[in-house]
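> Make the full structure from the sequences, and use the hints.
Chains as they are written, first to last, in the working numbering: chain A, 337 to 722; chain B, 337 to 722; chain C, 337 to 722; chain D, 337 to 722.
Please keep in mind that the hints were generated in silico from the structure rather than gathered at the bench.
Since the structure is predicted, the reported quantities are computational estimates derived from the model, not experimental observations.
Treat the hints loosely; a few may be bogus.
Since copy identity is lost for identical chains, a pair holds within one copy or between any two.
As the list claims (entries may be wrong) - Within a straight-line C-alpha distance of at most 25 Å, the following computed SDA-like cross-link-like pairs (lysine to any residue) qualify:
hint, residue 1, residue 2
1, K718, T597
2, K517, S607
3, K346, K718
4, K517, P566
5, K646, D349
6, K372, H500
7, K372, A678
8, K718, A364
9, K718, S345
10, K718, Q357
11, K354, N366
12, K646, G406
There are 4 protein chains.
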Amino acid sequence: MTSGAEDLSKRADSFIEKADQFAQRHLAPNAAQWGKGIFDRQALFEPAGAAGLLSLQVPPEFGGLGLSFGDKVKALQKLAQVDFSAAMGLVNSHNVAAQLVQASPHALSPLYVSHLMRGSFVACTALTEPGAGSDLGQIQTTAIRNGDGWLLNGTKTWIINAAHADGVVVYAQTQEGSGVKGIAAFFIRADSPGFERIAVATSSALSSMGVGGFRMTNLYCEASHLVYEPGEAFSDIMRAINRARTYVAAMCCAMVSQALTDVSVYGRERSAFGRSLNQHQGWRWQIAQAATALQAGELLVREACDLIDKGCEVQIAAAQAKLYATSMAQTHLGSLLHAMGAEGFLDRYAFLRHLTAAHTASLADGSTAMLLERLAIEFRPKPGAI
Amino acid sequence: MTSGAEDLSKRADSFIEKADQFAQRHLAPNAAQWGKGIFDRQALFEPAGAAGLLSLQVPPEFGGLGLSFGDKVKALQKLAQVDFSAAMGLVNSHNVAAQLVQASPHALSPLYVSHLMRGSFVACTALTEPGAGSDLGQIQTTAIRNGDGWLLNGTKTWIINAAHADGVVVYAQTQEGSGVKGIAAFFIRADSPGFERIAVATSSALSSMGVGGFRMTNLYCEASHLVYEPGEAFSDIMRAINRARTYVAAMCCAMVSQALTDVSVYGRERSAFGRSLNQHQGWRWQIAQAATALQAGELLVREACDLIDKGCEVQIAAAQAKLYATSMAQTHLGSLLHAMGAEGFLDRYAFLRHLTAAHTASLADGSTAMLLERLAIEFRPKPGAI
Amino acid sequence: MTSGAEDLSKRADSFIEKADQFAQRHLAPNAAQWGKGIFDRQALFEPAGAAGLLSLQVPPEFGGLGLSFGDKVKALQKLAQVDFSAAMGLVNSHNVAAQLVQASPHALSPLYVSHLMRGSFVACTALTEPGAGSDLGQIQTTAIRNGDGWLLNGTKTWIINAAHADGVVVYAQTQEGSGVKGIAAFFIRADSPGFERIAVATSSALSSMGVGGFRMTNLYCEASHLVYEPGEAFSDIMRAINRARTYVAAMCCAMVSQALTDVSVYGRERSAFGRSLNQHQGWRWQIAQAATALQAGELLVREACDLIDKGCEVQIAAAQAKLYATSMAQTHLGSLLHAMGAEGFLDRYAFLRHLTAAHTASLADGSTAMLLERLAIEFRPKPGAI
Amino acid sequence: MTSGAEDLSKRADSFIEKADQFAQRHLAPNAAQWGKGIFDRQALFEPAGAAGLLSLQVPPEFGGLGLSFGDKVKALQKLAQVDFSAAMGLVNSHNVAAQLVQASPHALSPLYVSHLMRGSFVACTALTEPGAGSDLGQIQTTAIRNGDGWLLNGTKTWIINAAHADGVVVYAQTQEGSGVKGIAAFFIRADSPGFERIAVATSSALSSMGVGGFRMTNLYCEASHLVYEPGEAFSDIMRAINRARTYVAAMCCAMVSQALTDVSVYGRERSAFGRSLNQHQGWRWQIAQAATALQAGELLVREACDLIDKGCEVQIAAAQAKLYATSMAQTHLGSLLHAMGAEGFLDRYAFLRHLTAAHTASLADGSTAMLLERLAIEFRPKPGAI
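In structure tokens:
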């Protein structure tokens, strides 16, 4: 390792430690209440911004930390150990900052990026629509040329942060019938005329994720607020979605890791039938099984992160990491919860919130059905004599 | 079937249908709100009493319906399809009515049973303590002779209905060091001096189950309010616990049954990639797998019910039904939720509430670890030449 | 129960006990050797005939035992506990006897049934072809009118008993392009000109099942040897296949039952780390899990048997029993094998032979894919308010 | 990478390719026959020696290839894709060569290593005894000082290659009651007086693994043939067992990899219901699931290999790799076999042999129970704020 790389690595490690502290100081005391639906975005985004958590991958020349993708993922895991939903909310707003820097360094970046990094302005990315979950070619939101700008019409739903975002990157069809080629991306403000939020009535366990929807009625978007031209948006979505699959997988691993910690601590303290829990063989084998399954998940995540940081094709690795990690988390958060007995159901632990989160993770950024389809179609046997 | 039996069977069927209607009219409109922690016992117990749901197994000569155990279970399944937690709350109060009729037909029954059946008085059964989940011999609550009556001291936790009960059947140790032989049961009122409720901070998805705890400090219980003498309580607990395991298993099946209904309806309506969901083979195979697993669960439940109604030994059958059905529900409520896409996460469906409930079910009335232990120890190979 | 029914039930029980003895005396001493491919049909079929095992469902007026389907299944389970493959071979020849009695009581029955019941003549049923596994409409074997009789041409493969059968019920297409409607069934003798056996090179663990194939080249079949007319054969196949699915499921359960017996005996005798195996909690929980899974399988089988004996529709129940039981056997024969340590790999036990058999069972009489498809398409939510 | 490292890597890759060719030319034509118990060691060991497969990790200065552990594992995977049992036989004899070079470079190495590398002399390692599977402290074989040498008495069983080995590294207790500290290792010849082979009657699918046992009665071992002094043998066993767990895991992955190749080729060729198999969604999702599970296994193996080649502690990583990979192979070899339909049961494929092998792998070098116990006891939560 060169000395420059060593410095970078030390800085990253130190930052990941800070993320851990943030999780303990700012997320842990709020998580149970947020999990009951009493969420206040002020308590999350501005402290996170101050801790650097909204600048992770923004390049240093734009005021960010310039972390690698792999290090960003490690920081997110620290947050997700305590509150998966809050971590999802933060990374979504962060991603818009990183995206604006790259796609619009001169127009949009100066206007929004510093506010996004501070957490005083919260953003999100809006793809999903009521009738088009996974099928991008089916997007019904339209963007029609209007003078120098565009008029947007349509409805988005199941958008992370939509319940409280100030700005949204909206994906819309610019040319009916053109499929994914006509899709462009626009940055719109929630205070624009024609923007109306729509609540999504779902589990309060997800309130810090801010899941919601909105309707755009003849919403005017200036030319300068075009993020991706038609034809460019789709490849950006694909690139972003592989990354999102990877960090969602990582965050599922993080929830299981925290559960294992809680269970192993509890197993030393609590006794049943005259012995501590961890002296019961059946009980402790559940830990061994969960730890093994978790390790497999962590390695799949690390593989995808390495490919991303090397600029390699990651579609298969990301899909495999997500497919494995979401299912693993659903299974082992359950078995670890049972290993806690009734104690695990207390609000002071994350088991129940995280179980709901792990199921949400199966839907986010490519459902299990889509991942299976993709992996099945892309499967190629290893080379070698047959 | 004799004509008397036929009449009984018709009456039972008609009553089960009424339970279904009650679930749709009284539980369905409230379930989402209750699931967010906004529960009002008035909205549940009195309407349920009016519908006969608190009289199921109370004998006709005491004003009840006198249903068989198997028919009671079918009625509970109708409730659990909509709200497992509410069904658990109702059956717990109901069970106290049936218990008082049997154990104290002349003293306690005249005082409480009609109120319990109407739902104007709510009761529960209190076994679990902070330090003794599954290990009955470890009960720390004491009952000491005091004049004609008893003085009770101790703490109970994770008690269904404890958050709002008017009366409690408390299990307490009358003679230190005597293990299960010294345990007796007492009926106490929540308005007695020395009774203090303790909240249990847990998932709001369980609010209609009223999970809570209470502390008794020198609480005086009259002699007439003794439900079971020392030495009698334990066999009552064992009998009750086998029944509870059976109906908990049945209610887990009911949740999966409702989920299958929701998914199959949705699969006809919703389309993806140009076809309805149920035209996708991978999607519809999940239904086949869940339906098969559910049928196995239903048959295990039916077997246990038949043994109970015939007065046979049911310990193994009840443990197997619960072990299988809780695990099956956790697996298939998850896979069926995913089959709904984001739609399944809406409050109008029960998937997320029921997933939490299915995990709770693994703890209630004998944890998975206890059931495995019991089944392992009791295992006998089938007779036959070896 | 009427006294006639009681007699019948006693006779059946006594016969099932005899089947158990036959398994111990005739199958157990041969099973390991047969499992290595050294099979002699003399050692199986004639002793089985003498014990009545080839007359189970043949009506008493034709010299058979006239057992119910449920009792036949119990007898088959006794055989399958020791050697699944041999049991499959026997039941296939038996089924032809029962079929000839029903379909051709005056022509074919007098010629063959007594020999079939004695085991001196062995038969099988031939449906599968090299290019048509599960898709009956695709049968390529043709039967063309020739004078009073028929000329058969075509190839069958994966036929149980084909390696050593004297007679075969062949399903053939009588009218190209007519799909299942044109299929008829013919009884042919293996010593007919134009009949040529084709070996199937597969696991020696299946040798007592006699899996093989044959080719028919202008094989002449007399009119009297037509078993089912075109149009009648298909419904017979469907009826037979539901029964076969049920007994295959039952026999999978029987293999797990035997494995549980072996494991529980071994767990008392063998010690590790200073204690008998069954004093290790993790070890004994595997027994509890297998016993529970087995019980679910047994109940699904019993349900299907009851429907068959009542003459009810059994397609769904039979498919569910087979889907569940084959998968359960594959999982638990594996886990129980591991519970035996290296001991379980010895030829004196059936674990490895039975594992191969359980995987074969997934293919026989409707593959897992076909069952899932059928169950998915036939799924109907339970009635009740939604 | 330095140019020396690059050369090494190229040589390793080219050697792994040669291993692949060896598998196709020498294993593939024999595998089915060997799987039926007709094994001739001449056909395996000498050709393997000629191909360098018995010299993998022997250092170049002793005439070997000097491959890293990771590269050895890749070569073994090529063999195991075709015949797991043969690969196990080869690696066991190879390991003795590498062991003698290290433990006895001047005495035993000159006598045996060149013959071992050529395959003209076959060896094995003997630990397991009839009464002591996994519990090393319980070894009953004794070695007693006798003049300059030792007298060995005892019985070994379930030893790979024992059926045809010329030499054996025997682990024996030198001092009763001293537990693992008294265990030493001796190199004995099968032609020594007092050496008697004992057949193990097990599946013929394992014949190329040469599983067997032997009895030593006052067998004299010269001082020069002591491989490890008392006190040294145990740490060697532990080191060897972690490596063995790793390559067994790798070879389980290799079997699944071959199965995936076979299935994907077959899925393009075979059609059902008018479409190729891989056009059926349910069918192709099984491939996606198996490929994902396999990738997780491969990464666990790679992690363990990297730790071994870096000289790091590998106990946990090796145990996790084996625990995961054996279970994964048992599950997915089964599901992939079913995806082949009856075709997969043909001798020309390895599915059935490999299923048996994958279950054997669960017992070899540390049973699943032992691995769970080890992992449970060694589990430590990740550091970080709690």
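> Compare the structure with each hint and give your call.
Structure-based check of all given hints:
1. K718 to T597: Result: close only across copies, 7 Å inter versus 38 Å intra.
2. K517 to S607: between (62 Å within a copy, 22 Å between copies)
3. K346 to K718: between (38 Å within a copy, 19 Å between copies)
4. K517 to P566: within (6 Å within a copy, 56 Å between copies)
5. K646 to D349: Classified as both; 19 Å inside a copy, 23 Å across copies.
6. K372 to H500: both (17 Å within a copy, 20 Å between copies)
7. K372 to A678: Result: close both inside a copy and across copies, 19 Å intra and 20 Å inter.
8. K718 to A364: between (45 Å within a copy, 18 Å between copies)
9. K718 to S345: between (34 Å within a copy, 19 Å between copies)
10. K718 to Q357: For K718 and Q357, the Cα distance is within 25 Å only across copies (15 Å; inside one copy 44 Å).
11. K354 to N366: within (18 Å within a copy, 44 Å between copies)
12. K646 to G406: Both: 10 Å inside a chain and 23 Å across chains, each within 25 Å.
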